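K.L.:
Go by the hints and put chain B onto chain A.
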Amino acid sequence: MNAPTVDPKTSRRITHRTAWQVFRTPLLVALVSSTGLVFALFGDGLWDGLSWVALSIPVALSLIYGLRVPRAPR
Amino acid sequence: MVGSRAVRAWLSIHAWTSLISMLFLLMLCLTGLPLIFHDEIDHLLEDEIAVPAMPPETPLVPLDRVIAAAQQHFPGQFVLLAQLKQSAPLVSVLVSPTAIPTPGMFHRVTIDARTAAVIAEEPPHQDVMDIVLRIHKDMFTGLPGELFLGVMGIVFVLSIVSGIVVYWPFMRRLDFGSIRRGASPRLKWLDTHNLLGIVTVAWALAVAVTGTINTLAVPLFDLWRVQTLPKLLAPYQGKPVATAKSVEAAVAQVRTAFPDRLITSVTMPTAGRFGSPQHLVVWTKGKTPFTARMLEPVLVDAEDTSKMVAPDLAWYLRALQVSRPLHFGDYGGLPLKIIWALLDLISIVVLGSGLYLWVARKWGARRRSAAALVSADQVVSA
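Residue numbers (this note's numbering), protein chains in the order written: chain A, -13 to 60; chain B, 377 to 758.
Next comes chain A alone, as it looks inside the complex (with noise of 0.2 Å):
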């Protein structure tokens, strides 16, 4: 589970995350690419409009966190 140890080099607390932590968001992102991937497949206008939204997220999630510039260091 989620079992806290502290890391013998620097004496820090480390939290191990569970299997459905770490892929809650990856299996969201999928889940909502996979609807933008069929959606546009049914019709035209709106679904077409949907896909297009729901596509976007993967890519808008690889810049936001692809470019984000490093806090200058304290």
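In short, the hints are calculated from the structure, not lab data.
Accuracy of the hints is not assured; some may be wrong.
To be verified - Stretches of chain A that chain B covers, calculated by requiring three or more beta carbons in the stretch to come under 8 Å of a beta carbon on chain B:
1. 1 to 7
2. 16 to 26
3. 39 to 53
As the list claims (entries may be wrong) - The calculated label-pair distances, taken between Cβ atoms and stated as ranges, are:
4. A/Ser20 x B/Ala475: 44 to 50 Å
5. A/Thr21 x B/Ala633: 34 to 40 Å
6. B/Ala633 x A/Ser20: 36 to 42 Å
7. A/Ala5 x B/Pro479: 48 to 54 Å
8. A/Ala5 x B/Arg381: 15 to 21 Å
9. B/Ala475 x A/Leu32: 47 to 53 Å
10. A/Gly35 x B/Ile417: 22 to 28 Å
If you're wondering where the values come from, they're calculated on a predicted model, not measured in any experiment.
Ideal Cβ placement from N, Cα and C applies to all residues, glycine included.
P.N.:
Chain B only, in chain A's frame:
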């Protein structure tokens, strides 16, 4: 940290499947990028075909006159098929110098459906996008290359699945989305690789699986023909390739029998694998966005157009038909194509960073063992 035997095994699977398919995947991602915009690029490169203005209710001439006009334009050659444009009153007729056409080696002549006048003619040629498509599809090697890329697709799927498995040990101590940008570029790229990989995993799997299915198009169609045609051709045993009595009559029959479908093209009787020697193959599609992807053939007897058969399309052909739009990303307008291209670019970064991580680890290991040798040497010579 990455200690357990199972994790090391999965990491090994991930590394090997990724490395084996790496070169081909990079080629596929790079050629895939312009292919997403195939239509738009063709549009830019082609000359616009000017359709003569006429009152909108001008009736269409019988298709037989259109076919005759195409035949007259290329005397002695073979009319293969006629494509009915949905957006303009035009018919695009493909004519080949040989009875069985060579890929790419046919004339395409555009005919006004209201007057049977030839408006435009395209000689056999391959433009830039045709070349890019051939590299992407089979690296110019035909069916063997296509099937080989299908195997690479399966290897890629294994790489993705093993990548999902090894995501866990690497992310057990990190928040989702965190990228450690400290002194080590290796750590930064590891986190970037993991993040970009995991958020695009659904799209990547869809494109990989549908891409693999697409490589089976020729074998699957051949399988279906072998299962379907012999029964349909049995009554005609021993007859030569038929000449079509009337294409217009065949099309009219199909329209009456299937009022909720649109006619997309008619294939003339042929010994080639894309048609039947005794039938006109009338291809139809549905009127809704989803059924428009489901092309269904109706086989009309070439000599007696009252006889027609609409064979069932096998499940594997339906899977193939759905795989096309899901692979090309062309079914949701231009915004979807742009998103598709962005996801492709992100995948290229995932591939490149993966390669970097593997190389960096190998170099790191070699430097460590070289350093160990150097210090051992110094101890000995001191």
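K.L.:
Next step is simple, just say for each hint if it's right about the structure.
P.N.:
Verification of the hints:
Restraint check on the stretch 1 to 7 of chain A versus chain B: 4 residues with Cβ-Cβ distances below 8 Å, three needed, restraint holds. Look at the stretch 16 to 26 of chain A against chain B: 6 of its residues bring a Cβ nearer than 8 Å to a Cβ of that chain, three or more, so the hint holds. Counting residues of the stretch 39 to 53 of chain A whose CB falls under 8 Å from any CB of chain B gives 10; the rule of at least 3 is met. Checked against the hint of 44 to 50 Å, the pair A/Ser20 and B/Ala475 passes, with Cβ atoms roughly 46 Å apart.
For A/Thr21 and B/Ala633, the hinted distance range of 34 to 40 Å is satisfied, since their beta carbons lie about 37 Å from each other. Between B/Ala633 and A/Ser20 the Cβ separation comes to about 37 Å, which falls inside the hinted range of 36 to 42 Å. The hint said 48 to 54 Å for the Cβ distance between A/Ala5 and B/Pro479, and at roughly 50 Å that hint holds. Against the hinted window of 15 to 21 Å, the Cβ-Cβ separation of A/Ala5 and B/Arg381 comes to about 18 Å, which satisfies the hint.
For B/Ala475 and A/Leu32, the hinted distance range of 47 to 53 Å is satisfied, since their beta carbons lie about 48 Å from each other. Distance hint check for A/Gly35 and B/Ile417: the Cβ-Cβ separation is about 25 Å, which falls inside the suggested range of 22 to 28 Å.
Comparing the model with each numbered hint stated earlier shows that all of them hold.
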